[in-house]
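Peer 1: Line by line, the protein sequences are chains B and Y. Numbering of the first sequence is given in our numbering, commencing with residue 737 and proceeding in unit increments. Numbering of the second sequence is given in our numbering, commencing with residue 878 and proceeding in unit increments.
These aren't lab readings, by the way, just hints derived from the structure by calculation. Backbone N, C-alpha and C fix where the C-beta goes; we use that ideal spot for every residue, glycine too. It is possible that some hints are incorrect.
Quick list of the computed label-pair ranges, beta carbon to beta carbon [what the hints assert, rightly or not]: (1) THR1070/Y to PRO786/B: 51 to 61 Å; (2) VAL763/B to SER1025/Y: 55 to 65 Å; (3) LEU964/Y to LYS846/B: 35 to 45 Å; (4) ASN791/B to ASP998/Y: 32 to 42 Å.
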Amino acid sequence: METLLGIVGKDYTLLAADAVSARSIVVMKRGEDKSRPLNDHNLMVFTGEPGDAVNFAEFIQANLKLYEIRNATPLSTKAIASYTRRELADSLRSRNSYAVNLLIGGVDPKTKTPELYWMDYLGAMVKVNHGAHGYAAYFCSSVFDRHWKADMSLDEGIALLQKCLHELRTRLVVNQSVFIVKVVDSNGIREIQV
Amino acid sequence: MDYNGAAIVAMKGKNCVAIASDRRFGVQAQTVSTNFKKIFEVHPQLYYGLGGLATDVLTLSEIFEYKLSMYKLREGRDISPKTFANLAASTLYERRFGPWFVEPVIAGLEKDGTPFVCGMDLIGALNFATDFIVSGTAKEQLYGMAESLWEPDLGPEDLFEIISQTLLNAQDRDALSGWGGVVTVITPEGATTRYLKSRMD
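Take these sequences, add in the hints, and give me the full structure.
Peer 2: Structure, rendered in structure tokens:
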């Protein structure tokens, strides 16, 4: 019932996650931030079992921070994604595995090249231009295929995201009214209202 | 084995071998990406393909990269196809009772130029074929196509044509694989990789 969306634009990555924390049929909270910044130019959005997801996200966040302190260098989006994937893949074959689906988006601050990685709880990972997790994937993949194009400006990216949210609000049974949307570009990570 | 989908085939020719795969990455019926890498280079004379669960394809390719780098560092030379086949088989058999859900396909030329193809199941039971090897969800379709198109002693260009037609026509009859293809032909002079456009439905 949870939704993650990601779009790669000209020099930014746009990530969106629904902000609903629900348990069974009850909405416990609106305004839950399902994202964690991994460093200045990389952001992770995640869904999964509530305990698992936050714990895993913060575990990755902390380990990347530790790496940065030890080596005095931040990791690239690809390196972060590869590390996260391996943690998930190894956890899958452990006694208690993490059931977390995620999108990792970032920008290389020097070249301004944006990247987006799609990853599921099994540890399968692909680099994509647009990605979705959850029921949203059934509705938004086609919207992305029809309207996404290379080198979209931020306004065009936001317009595309709005198309997706509009589709979800009209066709998905479960009404996810609140979304948290974040942009990652060479200036860093910021939240925007969509 | 049929969660993500794949179509991989390798064939022997005359002084050449070819290996081909589809490019789809999907979660059951939902296609997520059409540029997923399933064929990996060991060195210009040796390639392998991994068909099966995508997470294990990625993890195993990382394990092989590590083991092959260590081998090269220790021995100071490239690994031979036969040795790599045994390395892959024992890597899989290490996980006998909790296997990697992957069926590898190996294609390469021996040092003397002899073509080599081999496949194995998910726990490393080797199959040294004299003609071709198939793997993935389109296995049955690939067998049918390869069985009717392949003949002994094909040159590199003919082999490319036949492996391409085998791949394309097999994956078109499988819902879980397809969406483009990639073919690598290995000759003593080196390897050439070509990408194929295919039906996207």
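Peer 1: Against each hint, give a clear statement of whether it holds in the structure.
Peer 2: Each hint, compared with the structure:
1. Taking 51 to 61 Å as the suggested C-beta distance range, the pair THR1070/Y and PRO786/B does not conform, at roughly 45 Å.
2. Taking 55 to 65 Å as the suggested C-beta distance range, the pair VAL763/B and SER1025/Y conforms, at roughly 58 Å.
3. Look at LEU964/Y against LYS846/B: about 39 Å separates their beta carbons, and that is inside 35 to 45 Å.
4. Between ASN791/B and ASP998/Y the beta carbons are some 37 Å apart, a value that agrees with the proposed interval 32 to 42 Å.
Checked against the numbered hints given earlier, this structure breaks only hint 1.
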